[in-house]
Amino acid sequence: MNSRLSKYKDYKAVDFFADEDFVTSSHLDGTFQRDFWSELVDQYPNLLAEMETARVWVLLIKGQQQVQSSLSTNQRWENIQAQIPRYEKQQQQRLFIHRTLRWSASAAALLLLGMLIYEINQFGTKETNTAFGERRELALPDSSIIKLNSNSSLSYVRNWKTDKPREVWLEGEGMFEVKHTAIKNRLRENDLFVVHVGDLSLTVLGTKFNVKDRRGRIEVSLFEGSVRIQSENGLNRILAPGETFIYDESAKADQTVKSDTDKAMAWTHGELSIEHSNLANIVSVLEDNYGYQVVVQDSALLNKRFTGVIPVKGIDDILFVIKHTMNVAIEVKNKQIIIKPN
Amino acid sequence: MLCTKDHSYIYSSTYAKLTIRVVLKMNSDLQIWQKFQVGHEASFKILFERYNQLLFNYGFKFTQDESIIEDSIQELFVKLWCNRDNLSIDVIVKNYLYQAFRRVLVRKIEQSARRISIANSSIDYLPFTIELPHDLSMIRQERAMEIRDKLDQALQQMTARQREIIHLRFFEELSYTDIAEIMGLSTKDTYKLFYRALDSLKKHFGRFGLLVLLYLLQQLRPH
Chain D
5 MNSRLSKYKD YKAVDFFADE DFVTSSHLDG TFQRDFWSEL VDQYPNLLAE METARVWVLL
65 IKGQQQVQSS LSTNQRWENI QAQIPRYEKQ QQQRLFIHRT LRWSASAAAL LLLGMLIYEI
125 NQFGTKETNT AFGERRELAL PDSSIIKLNS NSSLSYVRNW KTDKPREVWL EGEGMFEVKH
185 TAIKNRLREN DLFVVHVGDL SLTVLGTKFN VKDRRGRIEV SLFEGSVRIQ SENGLNRILA
245 PGETFIYDES AKADQTVKSD TDKAMAWTHG ELSIEHSNLA NIVSVLEDNY GYQVVVQDSA
305 LLNKRFTGVI PVKGIDDILF VIKHTMNVAI EVKNKQIIIK PN
Chain B
881 MLCTKDHSYI YSSTYAKLTI RVVLKMNSDL QIWQKFQVGH EASFKILFER YNQLLFNYGF
941 KFTQDESIIE DSIQELFVKL WCNRDNLSID VIVKNYLYQA FRRVLVRKIE QSARRISIAN
1001 SSIDYLPFTI ELPHDLSMIR QERAMEIRDK LDQALQQMTA RQREIIHLRF FEELSYTDIA
1061 EIMGLSTKDT YKLFYRALDS LKKHFGRFGL LVLLYLLQQL RPH
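Top line first, the protein sequences correspond to chains D and B.
If you count the first sequence from 1, position 147 lands on 151 in the working numbering, and the numbers rise without skipping.
If you count the second sequence from 1, position 145 lands on 1025 in the working numbering, and the numbers rise without skipping.
Don't take each hint at face value.
[As the list claims (entries may be wrong)] EDC-like cross-link-like pairs, simulated, lysine to aspartate or glutamate; straight-line CA separation at most 20 Å:
| id | chain 1 | residue 1 | chain 2 | residue 2 |
| --- | --- | --- | --- | --- |
| 1 | D | K93 | B | D951 |
| 2 | D | K16 | B | D951 |
| 3 | B | K1082 | D | E275 |
| 4 | D | K66 | B | D951 |
| 5 | B | K1082 | D | D19 |
| 6 | B | K1068 | D | D14 |
| 7 | D | K327 | D | E275 |
| 8 | B | K1083 | D | E275 |
These are calculated hints, taken from the structure and not from any lab test.
The structure displayed is predicted, hence computed values, not measured ones.
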C-alpha cells in the first residue's frame, strides 16, 4: 500500500492527467479508489493542488457543450429512409456493370488463352501429307503458298527463332510461291527460304517454282526469280527462269534443260500435260499420283507419244483419253490397271 | 480532514450512475447491432438514435460545414443498412461507428477542399477544435477560470491530432486502443502523440519558469 502511495509522491498535474487509475477514479466510484486517493492526499498534502488541476482538466474537457445541429434526429432519419432505396438501385446498377465487366474480362481471358494455346500448338514440326489423287494448297506462316500434288508430303519446323532461314522438307511434288520478305538493300539470313528435297537444298528469296521428286529423279522448274541448287557433294547451280534442273539421285548426275513452264504447272490447274509425253510418262503419273499399279502388256506401247492436255477430274478422265487416243483396251481391278493392245 | 472529506465527495457521486449506464449500454449495443444485422429495422433505428447526435458533435470538431457532416452521417447509415450482411458480427459498436464515420467525413472534407483547391487537405492538416465550457459552476474549484484559460492556451499549442486524442480520451472516454482504432494509428503512435500533447500542458502549468529563475540566480551568485 505504501509503495503504491509513494509512486505518486512526485506527481505533477500532467502525470495525474496521464494516469489511467487517476482518470478513471474521477469517474468510477470504487470505495477502494476513494480511500486510496484520500489517503494519498493525507500522506502528501502538497499533491492536492496538482490532483485538483488534473481533475479540472478532465472535467473541463468532459464538460464541452455538445453541438446542436439544425437537423433533428427525426429529420435525419427520414432523409436516410429516403436515401436507402436510391442507394440500393445504384448499387444494383453498379453490380450489374461490375458483373458484365467481370464476365467480359473472363471471356477475353479465355479467348486469349485459347489463342495462346493455338499459337503454341503451331510450334514444333508441322507435316502435311496428301493421299493418292488428292491435291492441297497450303499457306505457310510467312504467307508463302505451296500447292502440294498427290502422294506428297511437306514438313516444316516452326519455333520462336526468327533469325534463321525458313526451311521446308518436301517429298513428292509441290509448286512453291515463296513470299519475298527481304527489304531492298538489306538481305538477312531469315529472308532466305530453303526447300530440302532428296539430296538437294534449294535456296530462294521470293520466287515461283515447281519441285518434283519421283522415282529417284528430282526436277526443279523455275518460273520467276532465281533458285540456288546445292547438294552435299558440292553441287552448286543457279537456275534461271524457264529452266528445269533434273537430278538423278542414284547417279548423282544433273542436267539443265529449257522447259515448258505451262507443262510443269499444268497439274496445279488440275490438268495433265501430255505434250511430248509417251505412255511411260503417264503410267508413272498414274502410279505416283494415284497409287495404281499399272501393267502394260505390250512394251512397245510405252513409247507411243501424245500431244495435248487432259483435264483430270479423276482417274477415269485419264484412262478415257488413253483408251481413245491410243486405241487400247483398259482393265481396272482394284488398284491395278492393265493396258493391252486392242 | 476537511480536504479528505472534500475529496471523497468529488470523486464519488457524479460519475457513478454514468459508468454503470455505459457498461450496460456496451452490452446492449452489441445485441442491438446483431439484431440490426439480421435486418431488424427497429434496432437499426435505435442504433441511429443513439449515435447520430454524438457523431454530429464529433464531426463538428473537424468542420463547421454542417452539410458535409450531414452527408457523412447519411452515407454512413445508408451503407450500414445496405451492407449489413457483410459487417462483422463481433464489434465494439462505438469504435466501429466512430471509425467508419471519421473515414467518410475525412474523405468528404478532402473532396470539398479539392473542389475549392485548398492545397493541403490531408488528414494531418484537418483542424480539430475543442471548445471548453464557459460555465464553470459545475466545477468546484476557485482557480477553475484560471485553469480553464491556461488549458485553453495549452490546447491551442497542440496539433489537431493531439487535440483529437485528448478529446476522444476524456470526452468520449475511450481507451488508447479504441482511439488508435478510430484514428487509424498504432497504439504506440497514439501513446506517443498523447505524451507529446502533455508537453504542451507542462509548458503552461509546470513550475518550470520558477525553477529556471532559481537556477539562474544560483549561477549568478558569486562563489
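Going down the list of hints, with the structure as the test:
no.	hint	in the structure
1	D:K93 x B:D951	holds (19 Å)
2	D:K16 x B:D951	violated (44 Å)
3	B:K1082 x D:E275	violated (110 Å)
4	D:K66 x B:D951	violated (27 Å)
5	B:K1082 x D:D19	holds (9 Å)
6	B:K1068 x D:D14	violated (25 Å)
7	D:K327 x D:E275	holds (17 Å)
8	B:K1083 x D:E275	violated (110 Å)
Consistency with the previously given hints fails for numbers 2, 3, 4, 6 and 8, ordered from lowest to highest.
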